[in-house]
Structure formats: C-alpha cells, structure tokens
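Undergrad: One letter stands for each residue in the lines below.
There are 2 protein chains.
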Amino acid sequence: MKKDLLCALAAGAVLLWGCGPRQTEVIRSFKVAEGELDPAEWGKAWPLHYLGWTSTREPSASGLSRYKRGYDDKKVCDKLSEYPYLALLFNGWGFGVEYNEPRGHAWMLEEQVRHVDQSRMKAGGVCLSCKTPYASRLRQELGAAYFSKPWEEVHARIPEKHRSLGVSCSDCHEPTTAGLRIERGFTLGAALADIGMDRAALSPQDLRSLVCAQCHVTYNIPKDREQRSVGLFFPWKGAKDGKVSVETVIAHARKTPEWTQSVTGFSLGFIRHPEYEFFSNDSTHWKAGASCADCHMPYQRTGSYKISDHRVMSPLKNGMRGCIQCHPETKEWLTERVRSAQDRTISLLNRAGYATATAAKLFELAHAERDKGADIDSALHDRAKAHYEEAFYRLVFVGAENSVGFHNPSEALRVLGDAVAHAGKAEALLRQALAAARVEVPVKVDLQLAKYLEGRGKRKLGFDRNVELQDPFGTQASF
Amino acid sequence: MKKDLLCALAAGAVLLWGCGPRQTEVIRSFKVAEGELDPAEWGKAWPLHYLGWTSTREPSASGLSRYKRGYDDKKVCDKLSEYPYLALLFNGWGFGVEYNEPRGHAWMLEEQVRHVDQSRMKAGGVCLSCKTPYASRLRQELGAAYFSKPWEEVHARIPEKHRSLGVSCSDCHEPTTAGLRIERGFTLGAALADIGMDRAALSPQDLRSLVCAQCHVTYNIPKDREQRSVGLFFPWKGAKDGKVSVETVIAHARKTPEWTQSVTGFSLGFIRHPEYEFFSNDSTHWKAGASCADCHMPYQRTGSYKISDHRVMSPLKNGMRGCIQCHPETKEWLTERVRSAQDRTISLLNRAGYATATAAKLFELAHAERDKGADIDSALHDRAKAHYEEAFYRLVFVGAENSVGFHNPSEALRVLGDAVAHAGKAEALLRQALAAARVEVPVKVDLQLAKYLEGRGKRKLGFDRNVELQDPFGTQASF
Numbered sequence: 194m195k196k197d198l199l200c201a202l203a204a205g206a207v208l209l210w211g212c213g214p215r216q217t218e219v220i221r222s223f224k225v226a227e228g229e230l231d232p233a234e235w236g237k238a239w240p241l242h243y244l245g246w247t248s249t250r251e252p253s254a255s256g257l258s259r260y261k262r263g264y265d266d267k268k269v270c271d272k273l274s275e276y277p278y279l280a281l282l283f284n285g286w287g288f289g290v291e292y293n294e295p296r297g298h299a300w301m302l303e304e305q306v307r308h309v310d311q312s313r314m315k316a317g318g319v320c321l322s323c324k325t326p327y328a329s330r331l332r333q334e335l336g337a338a339y340f341s342k343p344w345e346e347v348h349a350r351i352p353e354k355h356r357s358l359g360v361s362c363s364d365c366h367e368p369t370t371a372g373l374r375i376e377r378g379f380t381l382g383a384a385l386a387d388i389g390m391d392r393a394a395l396s397p398q399d400l401r402s403l404v405c406a407q408c409h410v411t412y413n414i415p416k417d418r419e420q421r422s423v424g425l426f427f428p429w430k431g432a433k434d435g436k437v438s439v440e441t442v443i444a445h446a447r448k449t450p451e452w453t454q455s456v457t458g459f460s461l462g463f464i465r466h467p468e469y470e471f472f473s474n475d476s477t478h479w480k481a482g483a484s485c486a487d488c489h490m491p492y493q494r495t496g497s498y499k500i501s502d503h504r505v506m507s508p509l510k511n512g513m514r515g516c517i518q519c520h521p522e523t524k525e526w527l528t529e530r531v532r533s534a535q536d537r538t539i540s541l542l543n544r545a546g547y548a549t550a551t552a553a554k555l556f557e558l559a560h561a562e563r564d565k566g567a568d569i570d571s572a573l574h575d576r577a578k579a580h581y582e583e584a585f586y587r588l589v590f591v592g593a594e595n596s597v598g599f600h601n602p603s604e605a606l607r608v609l610g611d612a613v614a615h616a617g618k619a620e621a622l623l624r625q626a627l628a629a630a631r632v633e634v635p636v637k638v639d640l641q642l643a644k645y646l647e648g649r650g651k652r653k654l655g656f657d658r659n660v661e662l663q664d665p666f667g668t669q670a671s672f
Numbered sequence: 194m195k196k197d198l199l200c201a202l203a204a205g206a207v208l209l210w211g212c213g214p215r216q217t218e219v220i221r222s223f224k225v226a227e228g229e230l231d232p233a234e235w236g237k238a239w240p241l242h243y244l245g246w247t248s249t250r251e252p253s254a255s256g257l258s259r260y261k262r263g264y265d266d267k268k269v270c271d272k273l274s275e276y277p278y279l280a281l282l283f284n285g286w287g288f289g290v291e292y293n294e295p296r297g298h299a300w301m302l303e304e305q306v307r308h309v310d311q312s313r314m315k316a317g318g319v320c321l322s323c324k325t326p327y328a329s330r331l332r333q334e335l336g337a338a339y340f341s342k343p344w345e346e347v348h349a350r351i352p353e354k355h356r357s358l359g360v361s362c363s364d365c366h367e368p369t370t371a372g373l374r375i376e377r378g379f380t381l382g383a384a385l386a387d388i389g390m391d392r393a394a395l396s397p398q399d400l401r402s403l404v405c406a407q408c409h410v411t412y413n414i415p416k417d418r419e420q421r422s423v424g425l426f427f428p429w430k431g432a433k434d435g436k437v438s439v440e441t442v443i444a445h446a447r448k449t450p451e452w453t454q455s456v457t458g459f460s461l462g463f464i465r466h467p468e469y470e471f472f473s474n475d476s477t478h479w480k481a482g483a484s485c486a487d488c489h490m491p492y493q494r495t496g497s498y499k500i501s502d503h504r505v506m507s508p509l510k511n512g513m514r515g516c517i518q519c520h521p522e523t524k525e526w527l528t529e530r531v532r533s534a535q536d537r538t539i540s541l542l543n544r545a546g547y548a549t550a551t552a553a554k555l556f557e558l559a560h561a562e563r564d565k566g567a568d569i570d571s572a573l574h575d576r577a578k579a580h581y582e583e584a585f586y587r588l589v590f591v592g593a594e595n596s597v598g599f600h601n602p603s604e605a606l607r608v609l610g611d612a613v614a615h616a617g618k619a620e621a622l623l624r625q626a627l628a629a630a631r632v633e634v635p636v637k638v639d640l641q642l643a644k645y646l647e648g649r650g651k652r653k654l655g656f657d658r659n660v661e662l663q664d665p666f667g668t669q670a671s672f
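Residue numbers (my numbering), protein chains in the order written: chain A, 194 to 672; chain B, 194 to 672.
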C-alpha cells in the first residue's frame, strides 16, 4: 500500500508539473527587435505606454504649479526672467542667453534643434547625451570625438526622421520584456561604478529611480586646453548612493572649469538639474522607499490594464495622483504642503541669488578699479572669491533642481542658507577691500539687471517681468 | 389596538428615559475644591495622572536626544556652552550669566529658588508668571505691582510649602471634571483676545495645544523709565491663530526693549521659547491637526485605564510613542527623520550664531574707534544695526525654541537663512565703514568667547567644551 501511494503521488506530480506548459508566456503580436530605437515600433507592442509617452508633448493648464510653469498654456517660461539674478550670474555663455523651464520629454531634442539659442550647444556633440536615444550609439561610433565635435555635425548623424526625437522607450527599457534597464553605460553606468554600486544587483525599485538618473542628475564636461569637450561625467566619485551631497558635487565642479563668468572674469564649473542626487540624499520620501516613478508615474487604469503613467510630470499638474496613493489627505491639503515648502525655497533662493549677484558686481568693480591702479588687497579678494564660488554653486544647485526644493525641503534650505552665508562673507570682505582702496560702494549695489536680461541672443530675448518670482514672504525687500 | 400600542410605547418611553438616572456620573471618592492649587489634593482624585506629573522630576537617559539634553543622567546642561556665541550675544543680563537646557516640569520653580543665578530674576515678580500655579492669584492680589516688585518679595507670598512647586494640575485643568482650561487669563487670555479668538469656542483639541501655550510661547516684558517691569504680553497683536510669524514676534520685540547688550551697547528686546507660535505657523503636524499633547502626552495604558502621559517629554526620550501612534514606520526610522531635520537646524544655527556674533564684535570695534575719534560712517552703521537686530532676533527665535527645528523644519531653516542674510549684510556694511575709517579688520574676527563664557555669575560658571554643539555637516569650519 505504501508503494501504491508513492506511485500515485509520483503520477500526480508528473501531471501537475511535468506535462504542463514550462512557463507562462505573454503572447505578443509584435516583438521589438534588439537595438530598435524607434518608439513607433515599441508602440506596436506597448500601445498604452506609447500613448502616454506621446502626450508628454501636450501643454499643461496654468496655475497648477506656482513655480514650475514649463509649458503652461503653451507658453515657454523664461527662467532668466523668473530669476533675474541668474541672467547676471550666467552671463558669458549659453545659459545666460536662453534658459527656459523645461517642457515635457517629447520636446527635449526638438528644443535644441528648433528653439533654444544655438549658443547653448557650443560644448559640442556632448550636448546630445541626454537628448537622443542615439547617444550611446553615437558615442560608440565616434569615440572621444563624440564629445568635442560640433553639435550640428554629431546631430546630423542621427537618421533624418529621428532628428527631433527626444528620450523614448529604449532609453529606459529593454526590448524583449520592457524591463527597466540602464541604457547610458557611458554616463550613469560609469557613475555607479564610481560609487561602487553593482548594476547587476539593482532591484526593480532601484531602477524606477535610476532610469531617471540617467538624465535627471548634474554632470561635468571636462575640457582640453583648446576648450574642447573631452568627456562627460557625473560628480559622484568619493560619494556613495544616497549620499551624493552638494559638497561632493561642488568639489568636482570646482575642479572642472567649463566657462568664464563675464561679470567676475572667473573660470567656473557648473551644476545642472541634480534631481537624483538631491532627492536621494536623506529626503523623507527617499528614506520611505519611494522612487521617482512612484510619484511622477503613478499607476493608472486604462481599460482593463493598470499601467504606470508615461506622461511623466509633476504631481501638482496631475491631480496629486502620485501623492494620494500613499497619503490619506485631500489633494488640496497635499498641494498646500508642497507649496509651503516651495514658498520657503523661493524666499531663500531670492536671498541667495541677490546676495551672490551683489558679490559678483563687487568683484567687477574691484577688478575694474584694480585695472585702474587701485590697491585691492589680494588676500581679502582671494578669500572673498573662495566664498563667492561656494555661494554660486549652492545657488545653482538648488536653482537648477526641478522641484523648487520639494524633493528634499530641509536640504534645499540648508544648502541655500549656506549659499547666503558664503555670499554674505564674500560681500563683506569685498566691501572692506574696496573701502580700504578708497573706492566708494553704495549700500545697495546696482545690479544693472537690464543689461543682462534685455536683447539676449539671436532672437533678442527680453526681461518678462510678469514671470519674475518674487519672495512670497516679502523679506527680500529689506535687502 | 392602535391606542393600546401608543400607550405601550409611551409607557416604554417613560421606563427608558423618564425613570432612569438623568445623567451618567462618575463616582469619585475625592472631590477637588474650586481654587485648590495643591497637586497632592488633585492627586487623590486623579492618582494616575498625578503619578505621571510627579515623574517629570526624573532624569532621562543620555543619548536619546542628540541636542536636547535637559537633565540626562542627572546633569544640567549649560546652553551657553552648547551655543558659545549666545554667551557673547546675551552678555549684559541674566541670560548671559546662566542659561540651561530645561529639566522637567517639576523643576520649574525650584530652578529659580535654588539653582539658577539670581540675575535671571532681575525683572521681578513677573518671572513667576509661568513658574507657579499661584501666578494668577498673585497678579490679582498685587495688581500692577506684581510685575515690578522684586522677585523675592512676590515669591515670599506663596504659601511656604509651595515655594518650590512648579506648574501643576490647576494650571491646565478645572477641578470638577479635570476638563482642560486656560488658567492664565492675564497672559494667554489677553493674547487670544488680541488675535480675535473666542475662548468659549475652543474645542478640546484646541485646548490640548493652548494649555501648553500658556507658557510655551515667547513674551515681552515692557518696562517703565526706571526699567521696572510694568506688564507681560505675548507679541500676537496684528497676527492670527496659526500665523503668529517670526516677523510679527520681532516687530513687537523691537518695540519692547528689555536689556542692554554689552558688546554692542544696543538696547534690545528678547524672544523666549516660541513653541506654540513656531509649531502653529504652517507646520505639517499642525496642519494635520496634531496638538502638543498628541505627541508629548501620548495615551498610555495604566492597568485598565487609558490616560495621557503626564510625564510630558520629548518623543525622542519616550520610545517615540507619540510618533508611532500615527506613523507606521519603526521608531529607529522615525528617530532618524527627527535627527535629519535637527542636524540641519544645528548646522545653520551655527552659521547664524557665529555670523551674528561676528557682527556684534565689529560693532564693538566700531564704537570703540568712534570713541577714539575715528569717522565711522553713520549711515552705514545705522543700516548695519537694523540688519544686525533682524539677525539677532531670528537667531534667538530658533535658538530658544525647544525642538531644534523639528516642530516646523522648513520654517526653522527659512528663519535661520534670513538670520544669516541679515548678519552677513551687517558684517559687510561694518567692514566697509571700518575700512573707510582706516581701521584694520582681520578676515576672521576674534570673538573672545572665553571672556563671555568663563567665570559667569556667583558660581563662576565656565565653558564646558564637552557639550558644545558642533556643526554636524562641518560647514562652519569654512567661516
């Protein structure tokens, strides 16, 4: 009887496991070929996701986000008019000519091709690194020349029908299962190696942030002696995941000069949209395990499918859907909380911006007077310069980050507070140096903002006072 | 039959409502008499609450709160050693002599009677306003003289057995039902009227914060020409509930000089522990409807009773019990979040403190040089003074608030960022004025901290370097 039982069990096991289908397989009418970059082809296999992605081209309604008005009502928002002190500080290269609030993903490359002042692509082919799904291919084909060749020349190597195609399916997904992947080995891949992270060990939840971190990070473009771009790297070396601090980012920026600031004549590095670094550095949402996609690509129901919203956008513009998944409060209540943090960021950003711009104008004055023979104390000058640069980079860090502080409110305000402290010290030492050299300085330094804001670039862009972001607390008026 | 039914129903109604006891009544063996201030009497009626209250006398274990070490391991923590720049800034009156981290409620009056340097009670009887349950009675008996009479004289009017009795039952509860009440009509009562709040309309949840706001607020003590205290008020006029901003508090402080700062010679107002104002001004916990008692007096089980924990204390010292009622995360996770906000506060507090102290020393130098005949530009001086005072009050606001920023993290950092901005501007204008007058100023101003920290008061208190709170981000070292 024991034997019979064993036989019956064995037969049952064969029936249950041995003769069934080996593995569940989703039947797909379309398969995406390895190396396929055309989103229309991917769209045949994943039409709903594709539809979401195409809608990143659409404008948003105005008034939903108080401070991020990228393409509200089909208007492109001039960031230099929003933050006028940036026009002064960025004068000397493309960012000081035209710098707009970003529109949706679908606009990325088209923006470069048809819209933004061409001075913005002066660094060369390197400027395509986030803008086209062909970037890795171009990098591989051209070798180091990819970085330095003129933008137009590298751009012309993209197949004609995709010369306006921005980030798309293949940048985040692998073609067989649409699983997430890090496509930009030459940028993020290298950065992960710099902080000792094993790409093979990343969880799906890690990837729901890291695919975004392929572009939503700051980067440096090192130059050769002829000021040609020779590479692109993320300033992560010396840090670890969840702790790429503003201090680390600044240390790298200081060592990687990319441009010369007109007002001061200083050779400076730069910081761009450090969303991943800022969010992952001790923010509450990061610590709670939230990924970028959790908030910016909340799940939505489309017919009988549940898919993540591929119209990646601010929850503020999206009925706070990303927020109410976890938070039981009303969307009005949650919106008010976001605004509370952003209002404070804008207030201190004003303080940091005007203080840094004031110091810049004092350097301009000190340099002009020195050229005329005034005896500007070089110890005071150099100490002021060190403080000034620390202020500048902190200001740019928060100013370029695309959440107006919300991704990490306390960190934003810490960084801005430090920017204010450094700028104040720079101003103090400069006023002393100037006064000692018998140069008069008024209490309120004239920033000559019109000079930097009016008549910018080929299209003679001007100062749009309607979009200027005033201090919501009114404190800036005391300075 | 219809009539019979009606009769039966009527009889039932009589049985159910008419003949039963009119109202449920808790039978208490002890009743507390109207006007009873002795907590031991109250304790007969509410022994468990009384027991909790008496345990506010106990020390805490060290290491639980990184920055609030009030009575950890039975050590009283010297706040002037923790924040050495405060010793410089408060030099000139009692706060600069001895200023300690607070111990539990039971210590309040005993601290004044037996421990703290007597210079702290120089303002007179007014200093008893929060420290004894007899305050309202004394105020009523003595009239305006209550404020100005020497502290010893007013204190001596308290019955002998209660001359060390701190805040107790009657300060928050009415004796019949132990319902919450605002006992301090002459302070909080007046302040509520100032902002148009109807005391009769307060909800129990309002009172769970407002009973605390009888003392955990800042206040001003106006003086007459002979520097005698003539009153005590909360600086709420012109504000509204949930919006008593630091700006409003400062406007009142500036109009109510209370002391003369030694280093600068300036006549200044003051700001004390503005917990209620700070917490209620747009903090997330306040907006979520949390009261002071929700976090600091979490419900606890004692035998078969559920009572609020009357050992009022920081959740950090209490196993995060207040937090885990609402938050599903572990207490370690939650503790780390509190520390993250507090670390940032301490970092910027260092910046604001040293920048303000530096400006103070430059005023000292400018005044000394002016006395020796130097031509210090008075326009620059006066403008610097205005900025300096704005910095000073903001620094004191956050420094005196007892949560190290946690009650409202973004607001703490906004206020400190503004303090840094004002202090930096003051320093800048002073360096200019001094240099123009041919006075040398080193890059790093010597604050002479030992001068302010060593040998303080009758007990010759010194600088305890072991408790100094260093910038957790190390940023202060660059200044």
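Simulated from the structure, these hints should not be mistaken for lab results.
Be a bit skeptical, because a hint or two may be false.
When chains are identical, the list treats them as one kind, so a pair holds in a single copy or across two.
[Stated by the list, open to error] Straight line, CA to CA, 20 Å or less: simulated EDC-like cross-link-like pairs of lysine to aspartate or glutamate:
hint	residue 1	residue 2
1	Lys436	Glu529
2	Lys644	Asp417
3	Lys653	Glu525
4	Lys637	Asp570
5	Lys430	Glu275
Quantities reported herein were computed from a predicted structural model and do not represent experimental measurements.
Undergrad: Now tell me, hint by hint, if it's right for this structure.
TA: To see whether the hints hold, each was checked on the structure:
1. Lys436 to Glu529: So Lys436 and Glu529 pass the 20 Å test across copies only (15 Å; inside, 29 Å).
2. Lys644 to Asp417: The answer is neither: 31 Å in one copy and 54 Å across copies each exceed 20 Å.
3. Lys653 to Glu525: Cα proximity of Lys653 and Glu525: none, with 40 Å in one copy and 56 Å across.
4. Lys637 to Asp570: For Lys637 and Asp570, only the inter-copy Cα distance (15 Å) is at most 20 Å; the intra-copy one is 22 Å.
5. Lys430 to Glu275: neither (33 Å within a copy, 35 Å between copies)
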